[in-house]
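Chains as they are written, first to last, in our numbering: chain G, 197 to 603; chain X, 197 to 603.
Bear in mind the hints are in silico, worked out from the structure with no lab data behind them.
Warning: the hint list may mix true and false statements.
As the list makes no split between identical chains, a pair holds if one copy fits it or if it spans any two.
[Stated by the list, open to error] Quick list of in silico lysine-lysine cross-link-like pairs, DSS-like style, CA-CA up to 30 angstroms:
(1) K414 x K224
(2) K481 x K600
(3) K570 x K288
(4) K477 x K408
(5) K414 x K570
(6) K600 x K200
(7) K544 x K453
(8) K537 x K288
(9) K419 x K594
(10) K600 x K241
2 protein chains.
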Amino acid sequence: MLLKDCRFVLTQDAKRKILENVDILIQKNTIREIGKGLRVEKNEKVLDCSSKIVLPGLINAHTHLGMGLLRGVSDDKELHEWLADVVGREGKLTEQELYEGSLAGCKESLRFGTTTVADMYYPLAPTAEAVIDSGIRSWLFISYFNAISPDLDSDKIREFLLSEEHQAHRRITMGLAPHSPYGCTEELIKGIISYSKKKALPKMIHLAETRKEQYDIKREKGKLPGTYLYDMGFLNGSTLLVHSVWLTKEELRMIAKAGAHVVHCPVSNMKLCSGGVMPLKEMQKAGITVALGTDSVASNNNLDLFEEMKVAALLHKQHYWDPTIADAQTVLDMATLNGAKALGMEGKLGILAAGTLADVITLDIPLHLTPLEKARVVSHLVYSANGNDICDVIVDGKLVLREKEFC
Amino acid sequence: MLLKDCRFVLTQDAKRKILENVDILIQKNTIREIGKGLRVEKNEKVLDCSSKIVLPGLINAHTHLGMGLLRGVSDDKELHEWLADVVGREGKLTEQELYEGSLAGCKESLRFGTTTVADMYYPLAPTAEAVIDSGIRSWLFISYFNAISPDLDSDKIREFLLSEEHQAHRRITMGLAPHSPYGCTEELIKGIISYSKKKALPKMIHLAETRKEQYDIKREKGKLPGTYLYDMGFLNGSTLLVHSVWLTKEELRMIAKAGAHVVHCPVSNMKLCSGGVMPLKEMQKAGITVALGTDSVASNNNLDLFEEMKVAALLHKQHYWDPTIADAQTVLDMATLNGAKALGMEGKLGILAAGTLADVITLDIPLHLTPLEKARVVSHLVYSANGNDICDVIVDGKLVLREKEFC
Chain G
197 MLLKDCRFVL
207 TQDAKRKILE
217 NVDILIQKNT
227 IREIGKGLRV
237 EKNEKVLDCS
247 SKIVLPGLIN
257 AHTHLGMGLL
267 RGVSDDKELH
277 EWLADVVGRE
287 GKLTEQELYE
297 GSLAGCKESL
307 RFGTTTVADM
317 YYPLAPTAEA
327 VIDSGIRSWL
337 FISYFNAISP
347 DLDSDKIREF
357 LLSEEHQAHR
367 RITMGLAPHS
377 PYGCTEELIK
387 GIISYSKKKA
397 LPKMIHLAET
407 RKEQYDIKRE
417 KGKLPGTYLY
427 DMGFLNGSTL
437 LVHSVWLTKE
447 ELRMIAKAGA
457 HVVHCPVSNM
467 KLCSGGVMPL
477 KEMQKAGITV
487 ALGTDSVASN
497 NNLDLFEEMK
507 VAALLHKQHY
517 WDPTIADAQT
527 VLDMATLNGA
537 KALGMEGKLG
547 ILAAGTLADV
557 ITLDIPLHLT
567 PLEKARVVSH
577 LVYSANGNDI
587 CDVIVDGKLV
597 LREKEFC
Chain X
197 MLLKDCRFVL
207 TQDAKRKILE
217 NVDILIQKNT
227 IREIGKGLRV
237 EKNEKVLDCS
247 SKIVLPGLIN
257 AHTHLGMGLL
267 RGVSDDKELH
277 EWLADVVGRE
287 GKLTEQELYE
297 GSLAGCKESL
307 RFGTTTVADM
317 YYPLAPTAEA
327 VIDSGIRSWL
337 FISYFNAISP
347 DLDSDKIREF
357 LLSEEHQAHR
367 RITMGLAPHS
377 PYGCTEELIK
387 GIISYSKKKA
397 LPKMIHLAET
407 RKEQYDIKRE
417 KGKLPGTYLY
427 DMGFLNGSTL
437 LVHSVWLTKE
447 ELRMIAKAGA
457 HVVHCPVSNM
467 KLCSGGVMPL
477 KEMQKAGITV
487 ALGTDSVASN
497 NNLDLFEEMK
507 VAALLHKQHY
517 WDPTIADAQT
527 VLDMATLNGA
537 KALGMEGKLG
547 ILAAGTLADV
557 ITLDIPLHLT
567 PLEKARVVSH
577 LVYSANGNDI
587 CDVIVDGKLV
597 LREKEFC
């Protein structure tokens, strides 16, 4: 497949180079070449991109796709009311409804230019099916919560994790996710650590979403949640720490030392009133990779990473009284490069270059992205665009969306 | 024209009634009737709205459309750098460029479901032309700044304010806008007060955008800016106070007493780091009407009131640690009813009922607005939708946008 005459290509390479009027040649699931005047074999697809902005597919580093049918059921309520309402409804969802919600979420994500989701849920089989059917790329983290936790050594889990279908399916990578420090016993978290080591699985956890969690864990365990996880050996280069709103500098040092990653979910945090603001500046200073996630549609209530990028930028400018923080390029990196790095895919996803996986999206140039010139394109993507501006979506070399319609 | 079988109609009446499967009959520029099984004369347009959400056209209560070509020229910079850069470029815009920028802004607004804009600029003639050409409804406030101020009594201004073209054009209402308490001399503001009284013109002003303004005016005038304007007689029922981030309770009492209105611009305030957060709760308690505005595309950087509603909700929930504040209905009211009230059009705009002006918008129901049911429709509009979801736009009884295409 050839993307011909791309008006602008945001490579997201080390220099954040923006190329003009180039072609992108895709072979199988890989980008073969980016350059001028590239040729394609007969019978291969050619997409005219002369009035398109082209960039790497976005990476949504935290979702709960199974909750897809719960969008808008419970808003503007106190957290405990919201939780009781949503969890109550969640318990009643059938496997079929989990599949339908997940499929809607996969398709909404693709429609909005997200080519990879990192999802956390249990049961996950319906979501895995939706991922396969929709064509999106995913990391699927089985969620463990004390009360409703699958037995790690059960045949069912082993079978699911190692099923031929999933193993063979290069768009799915499995992982493990203890819900949170307060939602799992120490024993359960330790079990997950050793199991994930044995099977070489990535890990995800909700961490420091509220101030209450910080106080509770400190009182119970004698240490802050980040330190508690560090001391247990939970933190390493394949660990994603979601929310991380209330972390202290002490915890940030440990996270940085262990090479763990943070997933920022600003819309969800603001909507559910986590209070405070995730210490982005301090994380940047500590050298921690910050990716971006929408959280579920029950707390956002959409899966639009363009909106998430803009809100992230606004929140931190507002919070620090500093317009230079969370600049457009920084938040675009969160939704591309940093997501890839957090998922262990640095140089493979979140970037467009010869040899990277062919997850590519294009936007057309409606009125609200004009006037358009090279110096304004990153600003327009972050501050002016929305998910609906996406035109074409390619995942793993396959065209999933063309001119805003699913293929 | 008949909107047939509307799936949901948000009337925005006193009870915020949501009607299902009803027709809306429009005659000339007015809504004639809302009900079931309405009939239309032969040769009149019928729009099938059986899979549409219908609501009053949104009201953007603060824009500077003339700056349309400056989108994305200067982001992520300190305020003084931003100002110098933007004002520098602004000074170089030709009348033709002001027209082009304004026309782009009018069309972007319409495309995103905004049927009324309240604009503040000088010179305004190019914007007035764009308003006429685009079909949008507008309040146009001539901006006065000490250094670049038109002479109130000049023939040109009088001619412009009272020109037959504008007077005859029911989509344009003229007004006066001293830029800000710090940008105008006391004498100039007093001149504007008396001129606006004489001609019965509404007024708009930037107020309390930064903390610096509060300190500066207090030091210079011996009173806070809100009090300063109150004592001068600037505040009344036809005054719009834009930003109002740093107002004190004392000032809020005076604004409430005078019946003046506030225009909230959350995205611009966050992006430019005004610091602090507009005291919404305190304004609500004082009984002040709060409308919603995007500000210019140089500080937002789009004109999407759907995004603005969501960010408004998120900002105040975050700020007050209270998910019940700025609930979905409250922010939808800001962008409809409250905008109308601030412009003196209560019961005429921002509401759908027999006898109101026919400014109507429809959205289709894409994946990200599902599952859809009556109880979720307001939530979906505020938390899940974006401007691109708009399908049809009717202004003053005239179809301007149909199925996402300009007519």
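Check: Checking against the hints above, which ones are violated?
Finding: As far as the earlier hints go, 1, 2, 5, 8 and 9 are violated by this structure, in ascending order.
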